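Participant: Could you build the full structure based on these sequences and the hints that come with them?
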Amino acid sequence: MDHSDREHVSAAINFFWGDGTASPESVNERSAEVVYTAVIESQSCSASMDLVPRPSGGKPGLSYIVKQVAGIGKNIAAGNSQTYYICKLQVSQNFRSEIHMALKGI
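Here the sequence shown stands for residues 1 to 106, where the numbers follow full-length UniProt numbering.
Hints are computed from structural coordinates only; laboratory data are not their basis.
As the structure is a prediction and not an experimental result, all values here were calculated from the model.
Where is the CB? At the ideal position from N, CA and C, for every residue including glycine.
Be aware that one or more of the hints could be misleading.
[Claimed, not checked] Restraint ranges, calculated between C-beta atoms of paired labels, are given here:
no., residue 1, residue 2, range
1, Asp19, Gly57, 33 to 39 Å
2, Gly61, Asp19, 25 to 31 Å
3, Ser63, Met101, 21 to 27 Å
4, Gly71, Ser44, 17 to 23 Å
5, Pro60, Asn94, 17 to 23 Å
6, Pro24, Ser63, 14 to 20 Å
7, Ile86, Gly61, 27 to 33 Å
8, Gly57, Ile106, 26 to 32 Å
9, Lys104, Gly79, 27 to 33 Å
10, Gly71, Cys45, 18 to 24 Å
[Claimed, not checked] Capping the alpha-carbon separation at 20 Å, the derived lysine to aspartate or glutamate pairs in DMTMM-like fashion look like this:
no., residue 1, residue 2
11, Lys104, Glu29
12, Lys88, Glu33
13, Lys74, Glu41
14, Lys88, Glu41
Facilitator: Below you can see the structure in the form of structure tokens.
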């Protein structure tokens, strides 16, 4: 994952769990997986189909996940979040422990 990807993944994490939760340096592949799952849940809740395009077939590969989360972070940084606030709150609550553990490498 390059620095640009890490910046955008941290923007996606900070969208759900508040500014300062993740810095680009703290982002790892596990945290990208957690925020990817959170975005999918938010998408389902708010029916925002254009936030995350779903791959066909089984579970997507890690490079796909990182690419999608980086793109989402880029949209969020640009002010384009397209999710209902109540869905954001629910998802952030559901995955709070998991994202904190992932950022710590646990």
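Participant: All hints, please: hold or fail.
Facilitator: Evaluated hints:
no.	hint	verdict
1	Asp19 / Gly57: 33 to 39 Å	holds, 36 Å
2	Gly61 / Asp19: 25 to 31 Å	holds, 30 Å
3	Ser63 / Met101: 21 to 27 Å	holds, 23 Å
4	Gly71 / Ser44: 17 to 23 Å	holds, 18 Å
5	Pro60 / Asn94: 17 to 23 Å	holds, 20 Å
6	Pro24 / Ser63: 14 to 20 Å	holds, 18 Å
7	Ile86 / Gly61: 27 to 33 Å	holds, 32 Å
8	Gly57 / Ile106: 26 to 32 Å	holds, 30 Å
9	Lys104 / Gly79: 27 to 33 Å	holds, 29 Å
10	Gly71 / Cys45: 18 to 24 Å	holds, 20 Å
11	Lys104 / Glu29	holds, 12 Å
12	Lys88 / Glu33	holds, 17 Å
13	Lys74 / Glu41	holds, 19 Å
14	Lys88 / Glu41	holds, 9 Å
Violated hints: none; the structure is consistent with every hint.
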